[in-house]
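Since chain C is already given, all that's left is putting chain Z on it; use the hints.
Chain by chain, the residues:
2 protein chains.
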Amino acid sequence: MKTLTVDLGSRSYPIHIGAGLLTDQHLFKNIIGNRRPVLITDENIAARYLRPVADSWKIPESDHLILPPGEANKTLATLESIFDFLMKRRCDRKTVLIALGGGVIGDMVGFAAACFQRGIEFIQVPTTLLAQVDSSVGGKTAVNHPRGKNMIGAFHQPRAVIIDTDTLATLPAREVTAGLAEVIKYGLIRDADFFSWLEQNIDALQQLQPTTLIEAIAGSCASKSAVVSADETEQGIRAILNLGHSFGHAVETATGYQTWLHGEAVGLGMRMAADLSVLIGSLSADDAQRINRLIDRTGLPNQLPANSDPQRLLELIYADKKTESGTLTFITMNGIGNATINKGITDQQVLQTLEQFR
Amino acid sequence: MKTLTVDLGSRSYPIHIGAGLLTDQHLFKNIIGNRRPVLITDENIAARYLRPVADSWKIPESDHLILPPGEANKTLATLESIFDFLMKRRCDRKTVLIALGGGVIGDMVGFAAACFQRGIEFIQVPTTLLAQVDSSVGGKTAVNHPRGKNMIGAFHQPRAVIIDTDTLATLPAREVTAGLAEVIKYGLIRDADFFSWLEQNIDALQQLQPTTLIEAIAGSCASKSAVVSADETEQGIRAILNLGHSFGHAVETATGYQTWLHGEAVGLGMRMAADLSVLIGSLSADDAQRINRLIDRTGLPNQLPANSDPQRLLELIYADKKTESGTLTFITMNGIGNATINKGITDQQVLQTLEQFR
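Here the protein sequences come in this chain order: C and Z. For the first sequence, the positions run 1000 to 1357 when the working numbering is used. For the second sequence, the positions run 1000 to 1357 when the working numbering is used.
Chain C with its partners taken away, still in its complex shape (with noise of 0.2 Å):
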């Protein structure tokens, strides 16, 4: 097992990351403590994942509640029947939840931790490889809005996030290939040894190789923690996590979510991000051919969908949340390992990046 911590002061809490945590009795007393959980998760864990869990950490029957899964269900009306729960329950300020699951579970139960009795402690436990490297870290948690995604939230620390590899072997192919995108970007932004490591074991990641993963876990969710202890709330330069996400989520909303997973989103903007590096000239074209290569390696995607209109697609760069009062704020790099803010991009820099991709 590796334990990084995410040093936040008073909220700084640990990330445990190996094989055979979620039935790992000892960890989970050490961190409880003679508090009280409630474990929380969606139909599909809960096939797989409940009763082990459960069993281990001597969680009753009657403190679990298991939720519809799929992002369309991440809404207050859902967070609505978890308040429902803990007030039947009659649990209390010392009450822990337990999100047992993937991004949405994490962000949907941590969001209600952050409510509930005006805050109260919760653990990640996430079983996708997206979630373990990004989401569960970082303390954002958010339900979507029928109007935009993650547009009702909070800043919520985790009491600890727990990490059992383990989970990675039932998990679709696409999705650890999906996941692989987030752990490329740690790469891309701050960490150029560790891209090059990536570089070296992208095939035995792909192969789930057990100390490889955690090896690439830890590696991740340093980066993140590093960022995240820096800049906790996204006043600055937290957003460079972004990089790929401004492409990303524009490709995301134009297919409706329906077609694209998240980190293949991602994987596809980070191959912008590059792009629109070397446009600027911040970034060699060898560089460039670096981070590509790396990514084919992946099969994550190298082009738009069919008939993707690049006008239109800058149209939705604008309408995301993060492009403040009209001002476009892409992530750069200046090189690879060292990613930055940039808002001097133009319309038309983004519409010749777009175009390249068609």
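Hints listed in this document are in silico derivations from the structure and should not be mistaken for laboratory results. A couple of the hints might just be wrong.
If chains are identical, the list can't say which one is meant, so a pair holds when it fits in one copy or spans any two.
To be verified - Keeping only pairs whose Cα atoms sit at most 30 Å apart, straight-line, the calculated DSBU-like set for lysine-lysine is:
hint	residue 1	residue 2
1	K1057	K1028
2	K1001	K1342
3	K1148	K1028
4	K1087	K1001
5	K1057	K1093
6	K1001	K1148
7	K1001	K1028
8	K1093	K1342
9	K1342	K1087
10	K1028	K1342
11	K1093	K1028
The following block gives chain Z in isolation, referenced to the frame of chain C:
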């Protein structure tokens, strides 16, 4: 105009208190800068103040949201209608919500601001005495759950509090009296001089004498600010603000929140807290008499509703969220102006106190 500061580091903010502030363009412009204000109020307040405020502050009608009034509407459903409005009006992170109204509006708009896009700014413009001296300061925001008051919420500090004492002229006398209960509370918990000042000025206050009002509100806000600065999220000392509230909440719950105003219940609760403090030997009988005499002059209640059952009230005190893990927590007084958190009160002492007020 008097201005105080709530000292919370980077989240510090001013409280402006004076006559005519609701139409003070200059003050508002100074606070709001070039951010976009959205004005949220309820039907009752709108009838009286929406037009003059919106005109003075130049907030276009399309950015006014008028909610149904009253505690019964302080729900997740109303909160959702705020989010719908903000999304429909394409509000972004630079929007500032203006909460114009009593405690219900302040609590709900504050919570909406806490959650919208993970936190935007808001300004408290309280129009009742209770909200001016209590709920608008300190950042506690919430909505009710059918099974409990203020169960879903956040700590989210306003950017400023604007208190216009002219609004009290049209407040029903009973609501002024209820507000005075909280004013007296500040004298009891940490400011014996303020208590003495109240003994001399209570009649002028009830007659809404303008300079006396400003002084009383400023004294109350100063005390609340000091306590909030010391313990923003109620890990400890902030609980002294709950003097009289354990008893008071039990009465409110027993009467279904229909017959008593919150301040009235707190008024009786403070008499009980004084009685209990005498019983445990921490307050002299003379001081208890001074306290009761001052409360008498306001006309706040001096006995429990007819048919009250002390045993049932004790159960409600146990069910209150402030009673954690089965331990009774009361705020008692070591003399006037010196409240303390007391975890050593027995059921018997509570029952004996309740009996005195049947």
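The hints, checked one at a time:
When the C-alpha separation of K1057 and K1028 is checked against a cutoff of 30 Å, the pair qualifies only within one copy, where the shortest distance is 10 Å, while the shortest distance between copies is 57 Å. In this assembly of identical chains, K1001 and K1342 lie within 30 Å of each other by CA distance neither inside one copy nor across copies; the values are 38 Å within and 41 Å between. When the C-alpha separation of K1148 and K1028 is checked against a cutoff of 30 Å, the pair qualifies neither within a copy, at 35 Å, nor between copies, at 32 Å. Taking identical chains as interchangeable, the C-alpha atoms of K1087 and K1001 are never at most 30 Å apart, the minima being 38 Å within one chain and 46 Å between chains.
Proximity of K1057 and K1093 under a CA criterion of 30 Å is satisfied intra-copy only: 17 Å inside one chain copy versus 46 Å between copies. For the homomeric pair K1001 and K1148, neither the shortest alpha-carbon distance inside one copy (33 Å) nor that between copies (43 Å) is at most 30 Å. Proximity of K1001 to K1028 under the C-alpha cut-off of 30 Å is restricted to the intra-copy arrangement: shortest distance 18 Å within a copy versus 53 Å between copies. In this homomeric assembly, K1093 and K1342 come within 30 Å of each other (Cα to Cα) only across copies, at 17 Å, whereas the closest approach inside a single copy is 44 Å.
With identical chains, the CA atoms of K1342 and K1087 are at most 30 Å apart between copies only, with a shortest distance of 27 Å across copies and 49 Å within one. Taking the closest pair of Cα atoms, K1028 and K1342 come within 30 Å of each other only across two copies (28 Å); inside a single copy the shortest separation is 47 Å, beyond that limit. In this homomeric assembly, K1093 and K1028 come within 30 Å of each other (Cα to Cα) only inside a single copy, at 15 Å, whereas the closest approach across copies is 43 Å.
This entry does not satisfy hints 2, 3, 4, 6, going by the numbered hints stated previously.
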